[in-house]
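Build out the structure end to end from the sequences listed, making use of the hints.
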Amino acid sequence: MKILTTVKKVVDVELTIRVESGAIVEEGLQYVMNAWDENAVEASVQLKENNGAETTLVSIGGGDDNTQIIRRGYAMGIDNGIQVDDPQLAGADSFVLARVLQKVYETGSYDLVVTGKQAQDTDNGQTGIILAENLGIPCVSNVVAIDVIDDKLIKVTRLGDGGKEIVELKLPALVTVSDSINEPRLPQMRGLMMAKKKKIEVMDLAALGTSFAEVGGSGNRSEILEFSRSQAREAGKKFEGDAAQITAQVVDLLMNEAKVL
Amino acid sequence: MAKVLVIADIKRGEVKRSTAELLAKARTLGAETAVVAIGNNLEALIPDLVSVGSGSQYIADDPGLELFSAGPYASCVVDAASQFGADQIWFASTESSKAVAPRVAARLAVACATDITDVASTGGNIEITRPAIANKVIQRVKINSEKLVAVVRAGAFPMTDEGTAGSENVIRLSAPPTDLGAVIKELIADASGDIDLGDAAIVVSVGRGVKDQKGIDLVKGLADDLGAGFGTSRAMVDSGLMGHNKQVGQTGKIVAPKLYIAVGISGAIQHLSGMTGSQVIVAVNNDPEAPIFNVADYGIVGDLFEVVPILREQIKSIKR
Ligand SMILES: Cc1cc2nc3c(=O)[nH]c(=O)nc-3n(C[C@H](O)[C@H](O)[C@H](O)COP(=O)(O)OP(=O)(O)OC[C@H]3O[C@@H](n4cnc5c(N)ncnc54)[C@H](O)[C@@H]3O)c2cc1C
Ligand SMILES: Nc1ncnc2c1ncn2[C@@H]1O[C@H](COP(=O)(O)O)[C@@H](O)[C@H]1O
Chain A
1 MKILTTVKKV
11 VDVELTIRVE
21 SGAIVEEGLQ
31 YVMNAWDENA
41 VEASVQLKEN
51 NGAETTLVSI
61 GGGDDNTQII
71 RRGYAMGIDN
81 GIQVDDPQLA
91 GADSFVLARV
101 LQKVYETGSY
111 DLVVTGKQAQ
121 DTDNGQTGII
131 LAENLGIPCV
141 SNVVAIDVID
151 DKLIKVTRLG
161 DGGKEIVELK
171 LPALVTVSDS
181 INEPRLPQMR
191 GLMMAKKKKI
201 EVMDLAALGT
211 SFAEVGGSGN
221 RSEILEFSRS
231 QAREAGKKFE
241 GDAAQITAQV
251 VDLLMNEAKV
261 L
Chain B
1 MAKVLVIADI
11 KRGEVKRSTA
21 ELLAKARTLG
31 AETAVVAIGN
41 NLEALIPDLV
51 SVGSGSQYIA
61 DDPGLELFSA
71 GPYASCVVDA
81 ASQFGADQIW
91 FASTESSKAV
101 APRVAARLAV
111 ACATDITDVA
121 STGGNIEITR
131 PAIANKVIQR
141 VKINSEKLVA
151 VVRAGAFPMT
161 DEGTAGSENV
171 IRLSAPPTDL
181 GAVIKELIAD
191 ASGDIDLGDA
201 AIVVSVGRGV
211 KDQKGIDLVK
221 GLADDLGAGF
231 GTSRAMVDSG
241 LMGHNKQVGQ
251 TGKIVAPKLY
261 IAVGISGAIQ
271 HLSGMTGSQV
281 IVAVNNDPEA
291 PIFNVADYGI
301 VGDLFEVVPI
311 LREQIKSIKR
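Going line by line, the protein sequences match chains A and B. Taken in order, the first sequence gives residues 1 to 261; the numbers are from my numbering. Taken in order, the second sequence gives residues 1 to 320; the numbers are from my numbering.
Rather than coming from a laboratory, the hints here were simulated on the basis of the structure. Using N, Cα and C, we set each Cβ at its ideal position, and we do this for glycine too. Take the hints with a grain of salt, since some may be wrong.
[Said to hold, decoys possible] With a straight-line cut-off of 20 Å between C-alpha atoms, the simulated SDA-like cross-links for lysine to any residue are: (1) A:152 / A:52; (2) A:238 / B:279; (3) B:16 / B:258; (4) A:259 / B:95; (5) B:16 / A:52.
[What the hints assert, rightly or not] Some chain A residues near chain B, calculated using beta-carbon distances under 10 Å: (6) 89; (7) 90; (8) 94; (9) 163; (10) 233; (11) 241; (12) 244; (13) 257; (14) 258.
This is the structure:
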């Protein structure tokens, strides 16, 4: 089985994000692998370990941070890495990114595409589903388990609104994974050392055999006009001391001040 | 704003309040409205679909739609949208919506915006507002396509009145082709009978601080006393102590109740992004530095095993 895993570089959400004049302040930001893509990498590597598979990772984006993220994928056990680095793609929306990923998909004969359920910076949760729709391959999102039945069929478990949905997918197919699917492994020293030496295939749109026009680059369907800080909730009153006393105080405030009891 | 199609949010044979909320918002924007309902045995729901305020009702009622499948559901939405001539297609924030909306947008070749908190349309230009980066920032986004598919964040469009009934104009949709590539084998349904977190006016949530089942039972008791929905953090779901459908947060449910009580929850950013829309937040935690206190209106620093029984007693005595 050949698996294509999509991985995005995102800002570290645990750090403070500053916004000035409608834009996010670059200074002080750090970039990491999107958490849900770590789950996607882990799921792909587990399939390789348990069932035998060749794993390829693709990331659209440039810079040294992105290289580091692909190396992290290698250290977790991914076999091949493709980096699509083209300055024209700055600001590309999900539909354009999905077209670029489609080009990558079409260069290999993949059986399964694994994406994160959403990217931590956009929180969109669209790119994988759009890719599957454009490719016309079966797709299940929010997947928490993948079982291989044979080389043409997998069984996945999806967390849906009414419970767990068990779905059989004919390959080639695409799944987007939930963070509940696994606990991503921490790369070990040895893996990290080996990852440093491994080749990354870096391509721009031309090398991919496509163009900005073909991936719909100038036709972004949405564009971010500005960012603002979300209205942070203020810390309210904090009570310490005798449990009975402070609890009584809070109950009283809930009744008479907040009027929610 | 011309025509808004709202996808009816139906759970366990009931039209959820979010459907009325989305229709009310569409009306305040001066739009003509329609709903599309997808499922099996929907006939009895038609009066409800009218009373939540829709101008037309597109009904895709077929045994093949009993279980959720994103492809066929998307076909039904696309069918209704084309028949109605929808300019905007709005989904309430559910797991199914998140799976269907991008497909609909891809098929119609229009923009897709998830988790929106507002939408405005002036002179044919659509603009939406949505949080991103786990709620740390707000994006103002211009939509370049003429039409929009949007998933509305839970609680974003609260009803300001009881709503207005719509008018009955039922259009039946033909059954979509089944997805032969993705075959639903089974639904392992969540235990029923609990208060739906999305509907609850009060939500009490329990975190890893409770340690075990005894701790859970204690906090569940508080939820029951208050007639509240019972939620949890991912740590509890991971440990197997609580079901997935109870998880509040970025990958769980987004809730915006009148009162949210977090017991033994640290307040990780992914949890906060699911509950900071609540009107009033109370936190019980024995660590005065726990981040949950940064968002709590009322923080009780203390051992939950001591605090919760007292809280229950005091709430019982005021209810008497
Ligand atoms: C991609 C991703 C998505 C995620 N999505 C979600 C999500 O949707 N929802 C979610 O909740 N999490 C989510 N998480 C996980 C999140 O980061 C935290 O790990 C999780 O919320 C922690 O749960 P907790 O607060 O119960 O546990 P902990 O962080 O362990 O906190 C336990 C708290 O209990 C307190 N405590 C202990 N003993 C007592 C006592 N006796 N009395 C009172 N207080 C006590 C402690 O002081 C502590 O603050 C996600 C993480 C990732 C990476
Ligand atoms: N620039 C990118 N490069 C590679 N994969 C991406 C990129 N952007 C998004 N994806 C994939 O699509 C998923 C969903 O992203 P989004 O639709 O932005 O929430 C992510 O978890 C990634 O797996």
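Checked hints:
1. A:152 / A:52: Given that 20 Å is the threshold and the Cα spacing comes to 14 Å, the pair holds.
2. A:238 / B:279: holds (17 Å)
3. B:16 / B:258: holds (18 Å)
4. A:259 / B:95: violated (33 Å)
5. B:16 / A:52: violated (45 Å)
6. 89: violated (17 Å)
7. 90: violated (16 Å)
8. 94: Holds, because the Cβ-Cβ distance from residue 94 (chain A) to chain B comes to roughly 7 Å (cut-off 10 Å).
9. 163: Where the cut-off is 10 Å and the nearest Cβ of chain B is about 4 Å from residue 163 (chain A), the hint holds.
10. 233: Check passed: Cβ of residue 233 (chain A) comes within 4 Å of chain B, closer than 10 Å.
11. 241: Holds, about 8 Å.
12. 244: Cβ of residue 244 (chain A) sits 5 Å from chain B, so the hint holds.
13. 257: Check passed: Cβ of residue 257 (chain A) comes within 9 Å of chain B, closer than 10 Å.
14. 258: holds (5 Å)
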